[in-house]
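Q: What follows is the residue order along each chain.
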Amino acid sequence: MQIRLTGLTVTALGASALVAGPAAAQALDLTVTIPRLSVAEYHRPYVAVWLEKEGVAPRTIQVWYDVNKAGGEGTKWLRDVRQWWRASGRAMAFPADGVTGATRAPGAAKVRLVGGRGGMPTLSPGNYTLVVEAAREVGGRELLRLPFAWNGSSATASGKGATELGAVSLTLKR
Amino acid sequence: MNLRTPLIAISAVAALAAPAALAHRMWMIASSTTVSGTDNWVTVDAAVSNDLFFFDHQPIRVVPTVTQPDGTAGTVENHAVGKFRATFDVHLTQQGTYRIGAVSQNVFGSYKLNGESKMIPRGTTADKLASVIPAGATDVQTSESLSRNEIYVTQGAPTTTVFKPAGKGIELVPVTHPNDLVVGEAATFQFLLDGKPAPDLFVTVIPGGIRYRDNLKQQDLKTGADGKVSINWPDPGLYWLNVTPNRPREEGQGGPGMGAPGAGSPQGGRPAGPPQRRVSYVTTLEVLAP
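So the protein sequences, as listed, match chains A and B.
For the first sequence, full-length UniProt numbering begins at 1 and goes up steadily by one.
For the second sequence, full-length UniProt numbering begins at 1 and goes up steadily by one.
These aren't lab readings, by the way, just hints derived from the structure by calculation.
These figures come from a predicted structure and were not determined experimentally.
Treat the hints with caution; some may be incorrect.
[Stated by the list, open to error] Take a look, some chain B residues computed to stay more than 10 Å from chain A by CB distance: (1) ARG25; (2) PHE54; (3) PRO158.
[To be verified] FRET-style restraints, in silico, Cβ to Cβ: (4) B:ALA225 with A:PRO106: 36 to 46 Å; (5) B:GLY224 with A:ALA149: 49 to 59 Å; (6) A:GLY55 with B:ALA126: 19 to 29 Å; (7) A:ARG145 with B:GLY224: 32 to 42 Å; (8) B:ASP39 with A:ASP29: 49 to 59 Å.
Built from N, CA and C at the ideal position, the CB exists for glycine as well.
In isolation and in its complexed conformation, chain B is listed as follows:
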């Protein structure tokens, strides 16, 4: 099966396909990631696009959460959703590292009722799944997604409170602090899957400014046995980092390349089974010149 265009793909694959966002790159960028002083504001752009970091496709509509250095929840202010991007502000009043991000958990899928194929409504969460599948449904196929999109901003010296793992999906544990990145020094991050160090995760690193160059300059890395990956930064600037358990799909392919392990062809009468699961992690990192 060769699915070239999303329009063709959607009818066949929708049952297992991720939201449209997965076909593009989801990102947030902060106006500053390293700030000095005791009372600062940062503003954040949140968007989904192909070119990093240009807003030309969709905003990220969900209002993110802020975790302050002391572990308490902060506030997202002035959240506004535009045509291509969302923006919001975060007031930094504590010393240390803030986490700004959102975890989206959704269930996608389909079932058959009286010979007719039905989609599970968008935005369904796992706990609501039973209520949206009517009695008598057959060929139930579901796929659950847990995608984490977060960035870090540090006022003063970096701290690590906000990296306390929640134990769900893919999470970053700093070996090198993500707000302490400098060209010429390799950075090491550890990635956890459901709270445990995760080997063999695919780590994609792409520098921003894609519009102004021909070469994507993508680094394709994998986490080692301890879930750690070492990254070299060729130039200062912003980098998009994406982590998935499966090989990211090639540019332009519309197939279910990011499906969970064991995801078979979505065509044909696949028996109902345990839900497929897809997890991902994405962040934007700022690398400074030495």
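Bound conformation, chain A alone:
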């Protein structure tokens, strides 16, 4: 996987700015609640989760989309997750190992990501923002930003969406 944004490669950054070194594994526990909506035509939302840090290219850690649609046609609507598409998605290839997966049903989707595995980088201490963006076919779009400070041992953050996202929380531990 190659992620490129404004000339900087994230793989290169993963080796410097974002990486703390060969420390004990970091675990990011992420909960993204997808609201149950009473609508005539419901499709599970496309969801992208990425990490931002000032001066560093954004890093996509999860993308839930219609992975199994024949001929890769599910990628056609990735651009509707539009802030993510611009920040990071458009430079990726799909599917991406350890990053992309199927869309999730309404309810609390829990994911554990381990630093250094899949798309999850090992984070060096600093201020980060976890961004979650959801876009639903024939529906709306919502984006939540969860800022957190990583001191190397633990961090938590949470937020709540109003339309396309419910409660979103993260716990980062080493």
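Dock chain B against chain A, hints included.
A: Leaving out everything else, chain B in the frame of chain A:
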């Protein structure tokens, strides 16, 4: 001379007037300008009208060309010309930015032969000019036009290969990529005239949806010394952008307001001189919500 209606104007001004299209706005709109995936189609409407972006006047009949992200020529498929618009499809198979557009180059003018005024036939190009003016013609007046109408569509991440200048007429060089426009972020474009950064070009920016509002919301801008112009987008949507070296004519005026510098009154016995030249650039830009 006050030329109110095109019918009156045409006899006096035709020698220097641009094609009828210049009295209206020429545009193309793509079904999408930002697409994801590896195999997509976009369909394009091409028309000439007053209200943006409604087809109610004339189609653009010329078949445009497609330049693919790798610089090779692409294909226009299913080109069809209707009463009010032309449509065609473009198959996107490469990652990067496509250019879809047409450059039209024409010569307009008149001459006198045995005391009778004659028009140079429509559709004459510069290299054919000598063959359409008979020997013994006097008072030859010509005006050359080079108008560029192009749009951009990006599959995947934006690229810049298609912006390599041809060095003819007005061209856009991205500082901000035209498929990377978002409300709240000013965009900067550089404009070249015959390959060189062009200061003092008039840049007109009008949001689409004119039919449903009273205020045109037109921005009148000018390129700076380096040929660059910065544009703010008040709302998401489609924007028509037009660039000319001369002040665009006011709405409803029929005069030769877009004539090249030094274009004098078309009346009276102006001596034959070097051809007047008019150049223009037009594009449609899609601005997304943040």
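Q: Give a verdict on every hint.
A: Going down the list of hints, with the structure as the test:
1. ARG25: holds (28 Å)
2. PHE54: Holds, since 26 Å exceeds 10 Å.
3. PRO158: violated (8 Å)
4. B:ALA225 with A:PRO106: 36 to 46 Å: violated (57 Å)
5. B:GLY224 with A:ALA149: 49 to 59 Å: violated (42 Å)
6. A:GLY55 with B:ALA126: 19 to 29 Å: violated (53 Å)
7. A:ARG145 with B:GLY224: 32 to 42 Å: holds (35 Å)
8. B:ASP39 with A:ASP29: 49 to 59 Å: Once the Cβ atoms are compared, 37 Å apart, the range 49 to 59 Å for ASP29 of chain A and ASP39 of chain B is violated.
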